[in-house]
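Since the structure of chain G is already known, use the hints to place chain R on it.
Quick mapping for you: the protein sequence lines, in order, are chains G and R. Reading the first sequence from the start, the letters are residues 1 to 645 in UniProt numbering. Reading the second sequence from the start, the letters are residues 1 to 645 in UniProt numbering.
Certain hints may be false.
The calculated DSS-like cross-link candidates involving lysine-lysine, where the alpha carbons are at most 30 Å apart (straight line), are [as the list claims (entries may be wrong)]:
id : chain 1 : residue 1 : chain 2 : residue 2
1  : R       : LYS346    : R       : LYS319
2  : G       : LYS33     : G       : LYS156
3  : G       : LYS156    : R       : LYS369
4  : G       : LYS240    : G       : LYS156
5  : G       : LYS156    : R       : LYS331
6  : G       : LYS33     : G       : LYS346
7  : R       : LYS346    : R       : LYS369
8  : G       : LYS369    : R       : LYS156
9  : R       : LYS244    : G       : LYS346
10 : R       : LYS497    : R       : LYS331
Beta-carbon label-pair distances, calculated as ranges [to be verified]:
id : chain 1 : residue 1 : chain 2 : residue 2 : range
11 : R       : VAL321    : G       : ASP372    : 57 to 63 Å
12 : R       : GLN248    : G       : ARG23     : 56 to 62 Å
13 : R       : PRO597    : G       : ALA539    : 27 to 33 Å
Quick caveat, the hints were computed from the structure, so don't treat them as lab data. Note that beta-carbon positions come from the ideal geometry of N, C-alpha and C, so glycine has one too.
Protein chains: 2
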Amino acid sequence: MGDLIGDVVESELYYVPAREFDRVRQLNAPRPKLVSLYADMARLNALYMIARAGSGHIGSSFSSLDILSHLYLTEMNRDAGDIFFSSKGHDAPALYAVLIAQGVLPEQKLHGLRRLGGLPGHPDIGTPGLVTNTGSLGMGISKAKGMLFANRVTGKGGRVFVLTGDGELQEGQIWESLVSAANHRVGNLTVIVDHNKFQSDFSVERTSSLGDLDAKFRAFGWHVARIDGHDTELLAETFKALEKITDQPKVVIADTVKGKGVSFMEGTSIDSDVEMFRFHSGAPKADEYLRAVEEIEARISSQLAGLHATAVEVVRVDKPVVAPAPAGQVKLFPAYTEALLVEAEKRPELVALDADLALDMGLLPFGEKFPDRYLECGIAEQDMVSQAGGMALRGLLPVVHSFSCFLSTRPNEQIYNNATEDSRIVYVGGLSGVLPAGPGHSHQSVREISALGGIPNLVMVEPCCPEEVAPLLRWCLDYQGPSFLRMISIPYVTSAKLPADYVPQSGRGVTLRSGGDATIVTSGLLMTAEALRAAELLAQRGIAAGVVAHPWLNRADPEFVLDLAARAPVLITLDNHFRIGGQGQHLIAALAGSNPPRMPRCLSLGLEQCPPSGRNDEVLDVVGLDADRIAQRIAEFLGSGTRKL
Amino acid sequence: MGDLIGDVVESELYYVPAREFDRVRQLNAPRPKLVSLYADMARLNALYMIARAGSGHIGSSFSSLDILSHLYLTEMNRDAGDIFFSSKGHDAPALYAVLIAQGVLPEQKLHGLRRLGGLPGHPDIGTPGLVTNTGSLGMGISKAKGMLFANRVTGKGGRVFVLTGDGELQEGQIWESLVSAANHRVGNLTVIVDHNKFQSDFSVERTSSLGDLDAKFRAFGWHVARIDGHDTELLAETFKALEKITDQPKVVIADTVKGKGVSFMEGTSIDSDVEMFRFHSGAPKADEYLRAVEEIEARISSQLAGLHATAVEVVRVDKPVVAPAPAGQVKLFPAYTEALLVEAEKRPELVALDADLALDMGLLPFGEKFPDRYLECGIAEQDMVSQAGGMALRGLLPVVHSFSCFLSTRPNEQIYNNATEDSRIVYVGGLSGVLPAGPGHSHQSVREISALGGIPNLVMVEPCCPEEVAPLLRWCLDYQGPSFLRMISIPYVTSAKLPADYVPQSGRGVTLRSGGDATIVTSGLLMTAEALRAAELLAQRGIAAGVVAHPWLNRADPEFVLDLAARAPVLITLDNHFRIGGQGQHLIAALAGSNPPRMPRCLSLGLEQCPPSGRNDEVLDVVGLDADRIAQRIAEFLGSGTRKL
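Just chain G, with the same shape it has in the complex:
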């Protein structure tokens, strides 16, 4: 071990094999010391997984690892029915590292974070040892109560331990869920708050301060313990003491450090009033990875030496070669940021609201330029949307931001309530669609057209290229009612090119390619790019497929769809969304309702079931939505039609 650092090269990664955890568990030493050691070994593996996957949440994996190690090594009796899960779910790499160390998951899984058939970016019950799907915040305590209710009904025993984040406590469901646990005196429920002081972008204090957290939990009837969440002796003492409290739900507010264990990743090393925490998600750079390994390894060595134990064996593997990003990738969000700033200059009533995703949603420049017209709401989407409703009623033009998976669902009724007031509000959803596939289904937003598209006066649009962002944003800002601007967040290569004089026309798409055998209608950067590629592939087979970018997700002009129907005998709709309830369904219903003289044969492509977590290319292939699979499915459909006729 001692010479590990001298030999590292940037193309290598390091992990601790499961057998070493087995050995450490057997060492003759006070348990808290072993827990700390175990946590550091697990840190190395969590970091390995994230570095190998190219993304993952280092910060909260590290802040939670002493707690997780304590729970699995000391506290929990899984044979007696004890259950643990993480409500926030960002810390999945940490939990995976512990479950592999415990032999619950095979060691092989270390190499499969965020890969198809490997370990999903957020917890999924398909993975052994995981008891519930999380990753969407605030649901954990409710789920735990349900599990304990079930135990009572079925006569089973066991306690439930739930880990939450601190930013997560901004979700209203948390406070909803505390009430009945206290009223019903659920004594076998313990919540641990991984209070690491940072959320996605900035500190909790700056984003949306939690105030006197102890007082809040106490006022809700919970027993509160507050401790240093990295002090494993204190963890042991505290949990021991909590065992005596059997008629009240318990919360351990664990003061932790985000990125704990690697000095330059630790939240305490930055100015929490102004700086962003850099290691929330994503992967470390190569040199950061190596410096982190060095630091953790040195501490492991020192701890083992203190226990007179031999050094830990670390396995060195080649870092898998990652194909370089293809040339010519474009992004929507820089175009969005620019367009928003331009519009904000022209419209003094325009204000922007965010729910702790200012960086991802491209909002930081707006916040800097228009601080008085910018509102950071924290992870509180319902509150954000209803605030926007109040603003609109008083003359403002609110632009409301979050990831689509949350924005279309969490404040679903609030968006409808605002819509019943006919308010002009623009909802902007990022991270839309099936990609990136790494984070898994909690973050893959593939049902917002359905979830919101049935609101009659709400218009949903999605740009097919960066050049379409500004015109669509402008259209939304001018529209006298609610609208939803759906955008993917990943960079992508596209050959989509709009006419120079392009102006969005409600319900009418743009022809990007002509073809008399079939017309593919789609929207968005991802699917339009794949449709154009598929058309190219089809052309090589002698099939002439046209491509229409139709930015209107829940609208279609009757004349336009009649024109569409007349172009080719086959109409293909292509959705970066569940097929059911997607754009295709709206288009085809609009077409049938327009009673065309001749109805084309129709094929709707989209997701048929909950998408898996994995690398983007492998997931797009497995759900049948990359150009190859699209071309193949269209060719088959055309062929089957020929046979039928």
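Below, chain R alone, put in the same frame as chain G:
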């Protein structure tokens, strides 16, 4: 006035004209005394409106009236921009009574509660004096913050006063919304909790106790005052004192009595541990109305006498003759209650969850028979649904209840999260569809097929008659995934009759009537009944329209839709839902995707915009969905087709 009681007859109603409020406002007396008097006069008018409309919320109208009267007579300076609204919205009759007394609304409106063009069952900004749409709980504080943010941006002044319920505090959004008001030191926001101790069914204490409410608000950083909400002197003193607190949001927890002002309606007169509060919604019986009038009137007389003022003039009007309920009405919920009990006997893993609507959802018998398998969650739909998720993961079969408008939207993401676990959970939504139209758009659930129907493994069904309830419930309970049973709550007359051997077959409807000119496909008690009547009307015009009850709201079997397409040259879909995103859209997309040899001409009928509040018959007519309008629209469509060809 004195002889009013002696003369009353059951066919008469009584109200206080606006000029009498004008006179009382000018009386020379201490303001709190006038406020009390004013509140009682407004009670008479709120009661008048509810008795005339045949429904409305007496309990919370009466509990809030001293507060409302204080705010409008003493506290608010509307010229300076002060704003008041009620977040709960149930108390609309009370607010209307005050707004009419203040001259903000014309007196004529007294006669139009819950009538088309009159005063909606819950607040709508179409009504003068109302600043935001409420009725769906928990949004008010957020909206108020948004209004105040807008005032800051636009340089306007004024304070905002928001009234909430106490049951409403169970909604997570309330706690979400408290945080930033404290962090941003919003001193011009005052929340008044109408703490009347009862919610829809039972006492707050029994339903989901609020615990130490003062401590909760304090822990969230709010300034708390707690007072008797009927003591108008105390109200005046308290609000005066609150004016000095300018850097903190303020809450007045007003201890009130539900039904205050009429002894036998008061919540304090019943055993809050066991009894239901009878005057939450609905109308008083004729004798109850008269006894209530007598009691309030006597108090008004005594107060005026004490002020040496002349008696108040009360206008006596004939109670409008209400057509008796048509013979042969049937209801779905008694059939549901019975079916649920039968299934619960057979399935020990079946448990039922409710969100404060046990009476309406027909759950009281289940709760009595299976107390250990019944969970009352309070008004906390997100928590309820995630609890059900936890239960399902541990082997139970949860059946989750609420009104469809809330159940499909509030826990929208939670339902999806459970669906990603493939859990077998049955969601049961009551009060579905456009009727009853009295409560208005917050309660008219006409978008749940869209809001949830895009979840690929979630199957939505709706029974067309009481006899279809048990088979569909059984189907849902047997289905290995999530399902949603949608039901209307009003009684209705239908000629729908299922075959004796009826068994639901996934995606396949039942032919209730044959006809070769057009096929009407629909679902549910209301629309199937109207479709059958419309077919009858069309037959009188020589048009043979078939009717198919298709209980599958987001599913259609490909063979079945091909068969449908072959039956008649015209296909009509009929939705008790927004047309966009409704069953018709699913059906037509499925049909087009099945590539029928001949596509029928299609007409989809459903709601085109947010429905108005009104009497059932007038609203069904105005949205074009009663039998007359349906028949007329179909005949026109057939005619237009003929002309075209």
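Evaluated hints:
no.: 1; hint: R:LYS346 with R:LYS319; result: violated, 50 Å
no.: 2; hint: G:LYS33 with G:LYS156; result: violated, 33 Å
no.: 3; hint: G:LYS156 with R:LYS369; result: holds, 22 Å
no.: 4; hint: G:LYS240 with G:LYS156; result: holds, 22 Å
no.: 5; hint: G:LYS156 with R:LYS331; result: violated, 39 Å
no.: 6; hint: G:LYS33 with G:LYS346; result: violated, 61 Å
no.: 7; hint: R:LYS346 with R:LYS369; result: holds, 13 Å
no.: 8; hint: G:LYS369 with R:LYS156; result: holds, 22 Å
no.: 9; hint: R:LYS244 with G:LYS346; result: violated, 39 Å
no.: 10; hint: R:LYS497 with R:LYS331; result: holds, 14 Å
no.: 11; hint: R:VAL321 with G:ASP372: 57 to 63 Å; result: holds, 59 Å
no.: 12; hint: R:GLN248 with G:ARG23: 56 to 62 Å; result: holds, 57 Å
no.: 13; hint: R:PRO597 with G:ALA539: 27 to 33 Å; result: holds, 30 Å
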